Amino acid sequence: MAINRRDFLKFSAGTGLMLAAEANVGNRADAKELPRDAVGILYDATLCIGCMSCMVNCKKANSEPGGALYHRETAGKIPYEYEGEEKKYDAPTGLSADTLCVIKAYRENSDAQGGVFSFIKQHCLHCVNPACVSVCPVAALQKDPDSGIVTYNKNRCFGCRYCQVACPFGIPMYEWEKASPSVVKCQLCNHRYAQGSYSACCEACPTGASLFGKVKDLREEAARRLALKPGDTYAYPVNHIEHGKTTEQVVPEYVDHIYGLDEAGGTQYMFLAGVEFDKLGFNPRITNQIYPEYTWSYVSHVPQLIGALLVAGTACRIVTQKLDKEKDRDK
Amino acid sequence: MESNPAIKTWTPATIVMMLLIIFGVGVGVYRMINGLGATTNLNDVYPWGFWLGLDVLGGVAMAAGGFIIACAVYLFNWKKYRPIVRPAILTAFLGYLMAVLALFLDIGHPFRLWHPSIMWQYHSVMWVVAMHVIFYTTTLGLEFSPMLFERLGWEKARRAVGKIMIGAVIFGVMLSTLHQSSLGAVFLIAPSKMSSLWWDTKLPFHFLVSAVAMGLSMVSFETALSQKFLHHKVDKEIYFGLARGVMIVLGFYLCLKLYQLFAVASPGMAFDGSVEGNMYLLEMLVGVILPLCILAVKKYRQNTRVIFSVNVLVIVGVLLNRMNVCLFSMESYNTWRGMSYSPSWKEFVVSLGVVSIGVFLYKMSAKHLPLFTH
Numbered sequence: 001m002a003i004n005r006r007d008f009l010k011f012s013a014g015t016g017l018m019l020a021a022e023a024n025v026g027n028r029a030d031a032k033e034l035p036r037d038a039v040g041i042l043y044d045a046t047l048c049i050g051c052m053s054c055m056v057n058c059k060k061a062n063s064e065p066g067g068a069l070y071h072r073e074t075a076g077k078i079p080y081e082y083e084g085e086e087k088k089y090d091a092p093t094g095l096s097a098d099t100l101c102v103i104k105a106y107r108e109n110s111d112a113q114g115g116v117f118s119f120i121k122q123h124c125l126h127c128v129n130p131a132c133v134s135v136c137p138v139a140a141l142q143k144d145p146d147s148g149i150v151t152y153n154k155n156r157c158f159g160c161r162y163c164q165v166a167c168p169f170g171i172p173m174y175e176w177e178k179a180s181p182s183v184v185k186c187q188l189c190n191h192r193y194a195q196g197s198y199s200a201c202c203e204a205c206p207t208g209a210s211l212f213g214k215v216k217d218l219r220e221e222a223a224r225r226l227a228l229k230p231g232d233t234y235a236y237p238v239n240h241i242e243h244g245k246t247t248e249q250v251v252p253e254y255v256d257h258i259y260g261l262d263e264a265g266g267t268q269y270m271f272l273a274g275v276e277f278d279k280l281g282f283n284p285r286i287t288n289q290i291y292p293e294y295t296w297s298y299v300s301h302v303p304q305l306i307g308a309l310l311v312a313g314t315a316c317r318i319v320t321q322k323l324d325k326e327k328d329r330d331k
Numbered sequence: 001m002e003s004n005p006a007i008k009t010w011t012p013a014t015i016v017m018m019l020l021i022i023f024g025v026g027v028g029v030y031r032m033i034n035g036l037g038a039t040t041n042l043n044d045v046y047p048w049g050f051w052l053g054l055d056v057l058g059g060v061a062m063a064a065g066g067f068i069i070a071c072a073v074y075l076f077n078w079k080k081y082r083p084i085v086r087p088a089i090l091t092a093f094l095g096y097l098m099a100v101l102a103l104f105l106d107i108g109h110p111f112r113l114w115h116p117s118i119m120w121q122y123h124s125v126m127w128v129v130a131m132h133v134i135f136y137t138t139t140l141g142l143e144f145s146p147m148l149f150e151r152l153g154w155e156k157a158r159r160a161v162g163k164i165m166i167g168a169v170i171f172g173v174m175l176s177t178l179h180q181s182s183l184g185a186v187f188l189i190a191p192s193k194m195s196s197l198w199w200d201t202k203l204p205f206h207f208l209v210s211a212v213a214m215g216l217s218m219v220s221f222e223t224a225l226s227q228k229f230l231h232h233k234v235d236k237e238i239y240f241g242l243a244r245g246v247m248i249v250l251g252f253y254l255c256l257k258l259y260q261l262f263a264v265a266s267p268g269m270a271f272d273g274s275v276e277g278n279m280y281l282l283e284m285l286v287g288v289i290l291p292l293c294i295l296a297v298k299k300y301r302q303n304t305r306v307i308f309s310v311n312v313l314v315i316v317g318v319l320l321n322r323m324n325v326c327l328f329s330m331e332s333y334n335t336w337r338g339m340s341y342s343p344s345w346k347e348f349v350v351s352l353g354v355v356s357i358g359v360f361l362y363k364m365s366a367k368h369l370p371l372f373t374h
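For the protein sequence lines, the chains are L and A, in the order given.
Each residue of the first sequence is one higher than the last, beginning at 1 in my numbering.
Each residue of the second sequence is one higher than the last, beginning at 1 in my numbering.
Take the hints with a grain of salt, since some may be wrong.
Below, in silico cross-link-like pairs of lysine to aspartate or glutamate (EDC-like), each with a Cα-Cα straight-line distance of 20 Å or less [as the list claims (entries may be wrong)]:
no., chain 1, residue 1, chain 2, residue 2
1, L, 32, L, 330
2, L, 279, L, 253
3, L, 77, L, 177
4, L, 32, L, 146
5, L, 279, L, 262
6, A, 79, A, 237
7, A, 367, A, 44
8, A, 298, A, 235
9, A, 80, L, 98
10, L, 104, L, 330
11, A, 79, L, 98
12, A, 79, L, 326
13, A, 363, A, 44
14, L, 104, A, 44
15, A, 80, L, 328
16, A, 346, L, 278
17, L, 216, L, 146
18, A, 79, L, 324
19, A, 80, L, 326
20, L, 229, L, 253
21, L, 214, L, 262
22, L, 178, A, 44
23, L, 178, L, 98
24, A, 79, L, 330
25, L, 154, A, 44
In case anyone wonders, no lab produced these hints; they're calculated from the structure.
Keep in mind it's a predicted model, so treat the numbers as computed, not measured.
Bound-form chain L, shown alone (with noise of 0.2 Å):
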């Protein structure tokens, strides 16, 4: 992955000014709370090692019938990234519409030994109000009541791809190869979770950077590693919260954010890094806003402009007649 500086510093110019935008919405009407038994994923960027099992993982999972990557037409087959001749098992270089999940490095001073370093998780977020389902006119885009998953149904999309301009994170992907394309994006396993089973990024992870569990679990996990003291051991759970596996080790100096917990009005998949987050390829201008309330502020008065509008124009109308019999009496 390579974020330019000097582009990185011209696009965040913006953030004040949509900071100060902000406040202009206040439309809280339509927003949702976290679904009681919410699933999500905490990612420690610190724990992780790059191994790539994740991304390796959630291709094969999501292959099979049921996944996000699963097509009549090629079952079996694992959709690989082919890049040129070759080709290329466990390094796409981003989301695309065959890989759901990625896994990229940031370096600072490339050339320096022993710089800023660390892994970043690229997947859905499973936004609590998301943007992607709330633009979606055929509602295909859905998210989940009681696990809070945002899935997607092929048969509905008729592939307008306003998800893909209103998901502040930029998940969504096309198949722009097809004549019968879909929208590619992690629904978080939803068919291996409605099996009892969890997301094959965190079965695979062997250190315990993804974690899988309900969110109100991995919020309170997040907030105990934050007020851990760097240098001090802890037994990091592994793969499922609830699954008790442990695995001790040394803390390290933790960025005080939990990313997720109140971006874009709060996401079911959360980051701990020892980075900062603008840094690891996460568009600086999302705010808190609930996203879906920036056009819910404009839909939700469309019944009452429908309504004053074709009162107006009857009076408006009515009115001008009047007038108009008037002159031909006066004449």
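Put chain A on the given structure of chain L with help from the hints.
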């Protein structure tokens, strides 16, 4: 009623249009078989491109003349504009049909275009937009139908439509006003991607006002073209009135945009030499400031040649605005994501084909339908 013998079907212009239509249809078929990736340069960072910006957003704005003139004549009772009601409604009808055609090609599953009509999701602006397109295109069809019935001599049908015409106009004005603003509201969801030179909570209103300016210019523009090529004689006062309208609406629009520039964005952003800044300046200069400067002079405001040039400026300016909102406003975000987009030749060919179909149908209507009888 007979076809207008003064309008010849086969002229060099028609032949060029026919060729463009054939190429456009060819590429359209290619897109249906091979998909969007093979036809367009769209990608995951630029999911909306040239077709959406120009054909759909631009096309709908160009069609705004229909509801404005219908409103002026039927609701405000400004009888002066009666001669241009029919051409304006026809333009709007064709504009919407063209936009639907472009949408048909632009969405991933063309044959699911009807999905929003049964799969309701009323939180989505896109769903609101889709409903407006469906209802307004139908309403425009109704408003257009008397021309067809007159030509066919279906007196009963014509009288039936005549009875509900006023209702259709009121309904159409409501739909169109909301549709124009809803297209702006579509972009409200992307504050962390768009430059604040465009993004604003009042974006729907900006879209509506600029569409009104565009609609007035478009009606004046096409009336002038009809006068020259299709022998439609109209009173000069109509042009003067429309130009006055353009001036007033553009003046108001300038105030809105200036307020937005100073209160939401910052003036420095327009002059920092970035792609966004330059595109913003271009759009404002061509579409707003230059036309306003020209129209401010009374002598120019009453010269049909000058008015024609002003109309071209306004049309180009508002089209630029739609392209900017759709594409260039997200330039720095998209560069940051490491992607770029420039339309492929196939996208141009399809767009040209779509526009040609519209112009060709307009010409055929002028020849065969009672379009200019008043």
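Hints versus structure:
For the hint pairing residue 32(L) with residue 330(L), the CA-to-CA distance comes to about 62 Å; that exceeds 20 Å, so the pair is violated. Taking the CA atoms of residue 279(L) and residue 253(L), the gap is about 16 Å. The hint holds against a cut of 20 Å. Taken as a hint, the residue 77(L) and residue 177(L) pair is honoured in the structure, with Cα atoms around 17 Å apart against an allowance of 20 Å. For the given pair, residue 32(L) sits about 12 Å from residue 146(L) by alpha-carbon distance, which is consistent with the 20 Å threshold.
Straight-line distance between C-alpha atoms of residue 279(L) and residue 262(L) comes to about 18 Å, which keeps the hinted pair within the 20 Å bound. Restraint check for residue 79(A) and residue 237(A): satisfied, since their Cα atoms lie roughly 12 Å apart, inside the 20 Å limit. Annotation: proposed proximity of residue 367(A) to residue 44(A) is violated, straight-line Cα distance about 45 Å (limit 20 Å). A C-alpha spacing of about 18 Å is found between residue 298(A) and residue 235(A), which places the hinted pair at or below 20 Å, so the restraint holds.
Distance check on the hinted pair: residue 80(A) and residue 98(L) sit about 61 Å apart at the alpha-carbon level, beyond 20 Å; violated. A hinted pair counts as satisfied when its Cα atoms are at most 20 Å apart, and residue 104(L) with residue 330(L) does not qualify at roughly 81 Å. About 61 Å separates the Cα atoms of residue 79(A) and residue 98(L), which puts this hinted pair outside 20 Å; it is violated. With a CA separation close to 16 Å, the supplied pair residue 79(A) and residue 326(L) stays within the 20 Å bound.
Proposed proximity of residue 363(A) and residue 44(A) is contradicted: the alpha carbons are some 39 Å apart, above 20 Å. A hinted pair counts as satisfied when its Cα atoms are at most 20 Å apart, and residue 104(L) with residue 44(A) qualifies at roughly 18 Å. Note on residue 80(A) and residue 328(L): the hinted pairing holds, with a Cα-Cα distance of about 17 Å set against a maximum of 20 Å. Restraint check for residue 346(A) and residue 278(L): the C-alpha separation of about 38 Å exceeds 20 Å, so the hint is violated.
Restraint check for residue 216(L) and residue 146(L): satisfied, since their Cα atoms lie roughly 13 Å apart, inside the 20 Å limit. Restraint check for residue 79(A) and residue 324(L): the C-alpha separation of about 11 Å stays at or below 20 Å, so the hint holds. Distance restraint check for residue 80(A) and residue 326(L): the Cα-Cα separation of roughly 19 Å lies within the 20 Å cut-off, and the hinted pair is therefore satisfied. A C-alpha spacing of about 8 Å is found between residue 229(L) and residue 253(L), which places the hinted pair at or below 20 Å, so the restraint holds.
Simply put, residue 214(L) and residue 262(L) have alpha-carbon atoms about 17 Å apart, close enough for the 20 Å limit, and the pair holds. For the suggested pair residue 178(L) and residue 44(A), the alpha carbons sit about 14 Å apart, so the restraint of at most 20 Å is met. With a C-alpha separation of about 12 Å, the suggested pairing of residue 178(L) with residue 98(L) holds against the 20 Å cut-off. Between residue 79(A) and residue 330(L), the direct Cα distance comes to roughly 18 Å. Compliance with the 20 Å bound is thereby established for this hinted pair.
Distance restraint check for residue 154(L) and residue 44(A): the Cα-Cα separation of roughly 17 Å lies within the 20 Å cut-off, and the hinted pair is therefore satisfied.
Comparing the model with each numbered hint stated earlier shows that hints 1, 7, 9, 10, 11, 13 and 16 do not hold.
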